[in-house]
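Residue numbers (the numbering used here), protein chains in the order written: chain D, 2 to 100; chain H, 365 to 856.
Treat the hints with care, since some could be wrong.
Unchecked claim - With a straight-line Cα cutoff of 20 Å, these simulated SDA-like cross-link-like pairs (lysine to any residue) come out: (1) H/Lys787 with D/Glu32; (2) H/Lys710 with H/Met693; (3) H/Lys775 with H/Pro848; (4) H/Lys780 with D/Gly34; (5) D/Lys94 with H/Arg689.
None of these hints come from the bench; they were simulated from the model.
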Amino acid sequence: MARLTLDQVRHVALLAALELSDDEANALRDELGAILDYMVALESLDVSGVEPTFHPLNMAASLRSDHLQPSLSREQALAAAPESEQGAFAVPKVLEGEG
Amino acid sequence: MVDRELHALCVTELASAVAGGEVSAVEVTRAYLERIERFNPALNAYLHVDAQGALAAAAAVDRARAQGDAPGPLAGVPLALKDNLCTRGLPTTCGSRILQNYVPPYDADVVERLRAAGAVLLGKLNMDEFAMGSSNENSAFGPVHNPWDLSRAPGGSSGGAAAVTAARLSVAALGSDTGGSVRQPAGFCGVTAIKPTYGRVSRYGLVAFASSLDQVGPIARNVRDAARLLAVIAGHDPRDATSAQSPVEAYEDECSRELSGLRVGVLVDAIAGCEPSTRQAIESALSRLQALGCEPVTVSLPHAEHAIAVYYIVATAEASSNLARFDGMRYGLRVRGEDLRDTYRKSRSAGFGREVKRRIMLGTYALSAGYYDAFYLKAQRVRTLIVRDFERAFERCDLLLMPTSPGPAFKLGEVKDPLSMYKQDIFTLPASLAGVPALSMPCGLTDGRLPIGLQLVGPHFTEARLVRVASALEQALGVATSAPDPGPGARA
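Bound-form chain D, shown alone:
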């Protein structure tokens, strides 16, 4: 596996919704490259037929009955919002060509 290119760093940043300065992108290319080089050691391990461990305990998914329970009030839920109006979260325009 080759080290990362700057284009790859930019692409991953786009996926992760991060904006990187040129300095940040260059530093990440080198740092992540070194970390990925280290991780390449996993390639040498034969894991054919080995199931992945997504969860450390073998527990069945627990279900609960679906009934109404008390929850946060609208005011509580909105209290930490950067912006709210008319009892709702106010966010930048999502759809093009409106307003």
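Place chain H on chain D using the hints.
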């Protein structure tokens, strides 16, 4: 009246003194608030002190006692919380600018349980941003200083929790452990910590870092205190789908019990790779255990050397997904951009620090098209090999003895590149990946008077066994667990 200074009393002693009317909860709380005011500037361990709330909770404990109500197991005991545990009406920053002004509308499950047990909550503790770090240097609010030597790191990510416990700015604390984050700082600061079995303690209200690894755990001055705290915070919670149903045991009853016949697995290679002072302390702890009737068995975890690569793929992948929620819409920092997507990007870029960005990038890469199989899926398969290593080892022994860290606390600023910092976690990561319980306790001091930590690791849900062995070993070793008081303004 109590004849020792109030801050010298541990959790169980204080709970008894308050229950017996020897001291009031308000007196104890005032004593701690004074110590925080005096010594916290040198440590930078508290991010937020809730003097008013603490005194009100203490007064309520005193009133309840006066009315003849039965006291809870932590009645009148001042405790503090890592700042990634949600507290209703109190800031919860996760050591991050993105949550600098966040005040949750609800308490974490463990916080509810502490309050119900009568605990007095002093405030919120500094940490590596979003629990990502091994030195506390990744906090947006400056590093915590190790109370044993202010020029050294307290460990991470629960550095504040370990530092206040060692420096007696709280009686004990709760932290969280994803890859060693209660154990390693406990080792660096000379105190005791338990990383419970995955699922033993509810994650409800613990701000998520890596959901298949995160566990809340106690940090305390001695094993009995840690056992009492664990008994209070453990138990099933329907609000956490991964919360275990198995019954909570009477962990404290395991203190001062016989050990004879227990088989202790020793990882010879792991011990050989440590600094000489750590190696000697672990070897001497092992001979103490033998003298107490334990039988040493040489075992190995052949795939444990891959734990760093596996962990830093799995944990960052989970983190990249979990931290997607910080987008500046419903809570946290919002930096206006040209449109919605630009606002996401600007908010996240201004709000997250370097290590958090690095891990989000690494995790996003490992999950991205073309790399998922080679990195993420491969890592989860190697994780299975590590799980099997533990299963094989536990066929031959009842618990494992290993170092908590390769050496004692390093200097702030000493470990510079990310990969070298990740390698500090080599001994704590395997238990996290396998979801097994692990306890870290002090086992000696270096010549330079820095604490050395050892780790006891058992099969799933054997916290009681770990407490039993740790308690006996603690008595046999008699290690000092109180750091010297930092001089006022003595920050290095």
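Quick rundown of the hints versus the structure:
Pair hint lysine 787 of chain H plus glutamate 32 of chain D holds up; C-alpha atoms about 15 Å apart against a cutoff of 20 Å. Proximity of lysine 710 of chain H to methionine 693 of chain H is assessed by CA-CA distance (about 12 Å); at most 20 Å being required, the pair is judged to hold. At most 20 Å may separate the alpha-carbon atoms for a hinted pair to count; lysine 775 of chain H and proline 848 of chain H meet this at roughly 18 Å. Under the criterion of a C-alpha separation no larger than 20 Å, the hint pairing lysine 780 of chain H with glycine 34 of chain D is consistent with the structure, at around 16 Å.
With a C-alpha separation of about 18 Å, the suggested pairing of lysine 94 of chain D with arginine 689 of chain H holds against the 20 Å cut-off.
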